[in-house]
Structure formats: structure tokens, C-alpha cells
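Chemist: Model the full assembly from the supplied sequences, consistent with the hints where possible.
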Amino acid sequence: VQPVLEDLDPALEEAAQSLGGSDWTIFTKVILPLLTPALLAGLSLSFARSLGEFGAIIFIAGNQPMSTEITALLIFIRLEEYDYQAAAAIASVLLLAAFTMLAVTNWLQSRALRYTVKG
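With the numbering used here applied, the sequence shown covers 8 to 126.
Treat each hint with caution, since some may be false.
[Stated by the list, open to error] Distance windows between CB atoms, simulated:
no. : residue 1 : residue 2 : range
1   : Arg118    : Leu26     : 23 to 29 Å
2   : Gln92     : Thr32     : 51 to 57 Å
3   : Tyr89     : Ala48     : 36 to 42 Å
No lab work stands behind these hints, which were simulated from the structure alone. Just so it is clear, CB atoms sit at the ideal spot from N, CA and C, and this is done for glycine as well.
Modeler: Following this line, the structure appears as C-alpha cells:
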């Protein structure tokens, strides 16, 4: 998000302000549509990282059954128990959630890119 904010042309805000736009209107109609692709990319990266986080959660939250378990830990436990079908089922649900998130993010980014300033 920071590089997008740094590259944002101040003339866009000045033009919106000279046309009588309030600060809230300028933010919602000018700045936010330009930030949307960067925000979605950051959201996708943080979601992907959270899916893969394993060690830190075990050390911080502990490994309390039915309380602080995460999907990566559940898959690991099922593999240790030689329950490959359950591990594959959990991984499939996780994969479906990740693909759904990716598809929604791409769709939102394609909609947001229609409103970007080119040139």
C-alpha cells in the first residue's frame, strides 16, 4: 500500500478539492479506488501466510485440543496418526478456501482496475 500512496499524484486530490469535494468524498471516490488493488494484494498475501503459519502459533497459543488448533496443525496430527484420508480431506477444504479467496480477489481487482488512472 505504501508504494501506491507514494506514487499517488497529488493533482488528483487537488482537482477533486477544487471541484468542491469534501475530504471524505475525495478519500472514497479518488484515493480508495486507486488503493483497492494494493489492499487486495496485501490481504491475499497475509491470508496465504496465515495458512502456512505453524510454529509460531504452537509456541504462542499452545497446542490445546479443540481450543487452539489450526488447520495446518490438524493436518499434521492426522498424518502422525496415519489417517491420510482425514488429512487429505482437511487439506482439500483448505485448498478450496484458498482458491475461492484467490478467485474473489482477482475478480475484485479486475473491477477495481477499471477505475485506475492510466498514463
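Chemist: If a hint holds in the structure, say so; if it does not, say that too.
Modeler: Here's how the hints hold up against the structure:
1. At about 24 Å, the CB distance of Arg118 to Leu26 agrees with the hint of 23 to 29 Å.
2. Between Gln92 and Thr32 the beta carbons are some 55 Å apart, a value that agrees with the proposed interval 51 to 57 Å.
3. Distance hint check: the CB atoms of Tyr89 and Ala48 are about 39 Å apart, consistent with the given range 36 to 42 Å.
The earlier numbered hints are all upheld by this structure, with none contradicted.
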